[in-house]
Amino acid sequence: DAKTTQPPSMDCAEGRAANLPCNHSTISGNEYVYWYRQIHSQGPQYIIHGLKNNETNEMASLIITEDRKSSTLILPHATLRDTAVYYCIVRATDSWGKLQFGAGTQVVVTP
Amino acid sequence: DAGITQSPRHKVTETGTPVTLRCHQTENHRYMYWYRQDPGHGLRLIHYSYGVKDTDKGEVSDGYSVSRSKTEDFLLTLESATSSQTSVYFCAISEREYEQYFGPGTRLTVT
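Chains as they are written, first to last, in this note's numbering: chain A, 296 to 406; chain B, 3 to 113.
Warning: the hint list may mix true and false statements.
[Stated by the list, open to error] With a straight-line cut-off of 25 Å between C-alpha atoms, the simulated PhoX-like cross-links for lysine-lysine are: (1) A:K364 to A:K347; (2) A:K393 to B:K55; (3) A:K393 to B:K59; (4) B:K59 to A:K298; (5) A:K393 to B:K72.
Rather than coming from a laboratory, the hints here were simulated on the basis of the structure.
Work out the full structure, taking the sequences as your base and the hints as a guide.
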């Protein structure tokens, strides 16, 4: 699976949009981009995934560049409960369950 | 939260003793996984199961064994615990190839 690069940390003001970048320049055509987050002391939580089209659900939006070498997770209105480590993961469709978690981005939402 | 429980939630044991951690799901998902999480290493896959009695190794399987005799239970056994196995252990489940749902974790300390 391709490797991802994320900034180690970022701050966001409560109520503002949080834009979390992820670089995956070696991504292959059959690899999806997944986002998970982990709130302190809890298990990771699935957020969203996509292949090449932009995706949106009740939690977030995922924007994937046309060349698929990078993506951005958008939390539209950050709340204090969104403070967590956010992981961007690239995984092939035939590698069931084998999520490779990197260091992620520590997001701190401030009042 | 998805119907996943882990037991025990906390355990302290001595080096050389056997330890079994249990993951129980009520979602009837086909796939189950065991991860460990350590500072500086993130989450790493230990073993996974793709059906009753069907299991396979992850990236850090040495010193661990698993069993799945029924859909809802996935057991992780440390035959002879070592201090290097002190960690937080997470179980996860999935039905499709996309999202995994994680349990609350078990904090294991080997003294």
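So, going through the hints one by one against the coordinates:
At roughly 10 Å between alpha-carbon atoms, K364 (chain A) and K347 (chain A) fall within 25 Å of each other, so this suggested pair holds. Distance restraint check for K393 (chain A) and K55 (chain B): the Cα-Cα separation of roughly 19 Å lies within the 25 Å cut-off, and the hinted pair is therefore satisfied. Restraint check for K393 (chain A) and K59 (chain B): satisfied, since their Cα atoms lie roughly 10 Å apart, inside the 25 Å limit. The hinted pair formed by K59 (chain B) and K298 (chain A) meets the criterion: a straight-line CA distance of about 21 Å does not exceed 25 Å.
In summary, the hint linking K393 (chain A) to K72 (chain B) is supported, as the alpha carbons are separated by about 22 Å, within the 25 Å threshold.
The structure shown violates none of the earlier numbered hints.
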